[in-house]
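On the provided structure of chain Z, position chain A as indicated by the hints.
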Amino acid sequence: MKGTKQILISGFGGQGALFAGKFLAYAGLLQGLEVSWLPSYGPEMRGGTASCSVIISDSPIGSPIITHPDVLVAMNLPSMDKFEPQVNAGGTIIYDSSLISRAPAREDVNNCAVPATKMATDAGVKTLANMLLIGRLLREVDLADDEMVNQVLSKVVSAKHADLLDLNKQAIKLGYEYKE
Amino acid sequence: MEKVLMKGNEALAEAAIMAGCRHYYGYPITPQTEVAAYMAKRMPKIGGVFLQAESEIAAINMVIGTSAAGKRTMTSSSSPGISLKSEGISYLAGCDLPALVVNVQRGGPGLGGIQPSQSDYFQATKALGHGDFRRIVLAPASVQEMASLTFLGFDLADEYRMTVMILTDGTIGQMMEPVSLDFGEPCEAVKDWATVGHKWERKPNIITSLSLQAEELERQNVERYERYKVVEENEVRYEEYRMEDAEICVVAFGVCARVARNAIEEARKMGLKVGMIRPITLWPFPKDVLKKAAEKCHTFVSVEMSMGQMVEDIELAIRCQRPVLCCSRVGGIIPSPDEVVEKLQEAAKMGGKAE
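Those sequence lines, one after another, are chains Z and A. Be aware that the first sequence starts at 183, since it is given in our numbering, and climbs by one per residue. Be aware that the second sequence starts at 2, since it is given in our numbering, and climbs by one per residue.
Just chain Z, same shape as in the assembly (with noise of 0.2 Å):
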């Protein structure tokens, strides 16, 4: 990957944004690129929003807060209605329009829908629509081929989990061959 990339993923608490910005994050760091994560924090409760952003570059990071993102990865309504404006000219927006009824109003962007919960749903990983999005996302954005894809895998997800890591490739190759 050239230059930097400034991604936004956000949706309802639970929803796994988190995690898949730390799936990118690690896919920029074992790349030797430079990487900042930050989540939203605030007096949030479940089921409420949830986002991060993570910047990944070839240069140095200053600021890891997005103003702008390059890329947003919309989970919820309220997510896209939010941050679909911040979202600079030339950039994509990749959402779940499984949950999001109405397609991004932006003409100056690269739109790509995926009905994410429910393919995720129908294959039988229903809570890993955030890895379905991070494959189509990887589509866009030169971040990582199989072998890194397994890499990162292998870090992310915890030892606890690692019956899961299957079923994450599994989703992450589901959101990649996606066709609209």
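No lab work stands behind these hints, which were simulated from the structure alone.
Going by beta-carbon spacing under 8 Å, a handful of chain Z positions derived as facing chain A:
id, residue
1, 211
2, 217
3, 247
None of these values were measured; they are calculated from a predicted model. Cβ coordinates follow ideal geometry from the N, Cα and C atoms, glycine included.
Below, chain A alone, put in the same frame as chain Z:
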């Protein structure tokens, strides 16, 4: 050594363990709770002590006891909790005991909010407790520095027998970045003053901050300030960024320095010659390098998450020779690069003329 991805608070805690700290006392408060959580997980595995005290005040007093016994020890909290600890920090100074205290700041005053802030700058650098005393105040601007400055902090605390404070904020504490935990060996001082039992082989060591003889108390204070003078001579740390041809000098620490870096890049594209001096030690403050910068820079801009608390130190350092503007957001809001750029444009227009 392989770099790992860690939260700032966790990197800080791990570095403390690597520095030989085996006694952590704390009390939960957002946004520093990861420090305590990490210690709770790690300390029992390595024969260390994690103790959740009944209050912040109890925790700092446990630090006094452990330090008096010659062991490396620390406590951490966030703004309101640090106010509670201030009595104990003064006693640490009165006893000339080394300790590491971490403040992961949140918005104040009072209970305030839980979002990041730098509004404890005055408290940390000027008056963290009663009496004549100083603390070394280290201000990390990355997860790597959360670790490396904590490691260094324990060495400095031992060397000068004083409290070292890590002054950080919720953003640096909560964010993850790659960090290398390769520090070599800690330099733990010989603590012949520790109260560990004299076994009838030497005179008993007494550690107390009570001193009823005025002459003796004065002597102690003077001796302490001689030690502080050495700290001021030897321990000033800062980083210069694009200062080589700068006409405007940004001064910022912690996460604000990160934001300012983006703003400086933007301003440079507009043709403004901007650089930054980032204090790493807030006390001792990097006075000399700022004074020198005043020879070339016509305006200074303090970027901070407090109502201009650092402005006074910059003005003092440069002897008020140049105007000092302030770009600040408070209450838990971080200034955006755009806001900083706007202030830099204002600074450029002033061209050194007083406000």
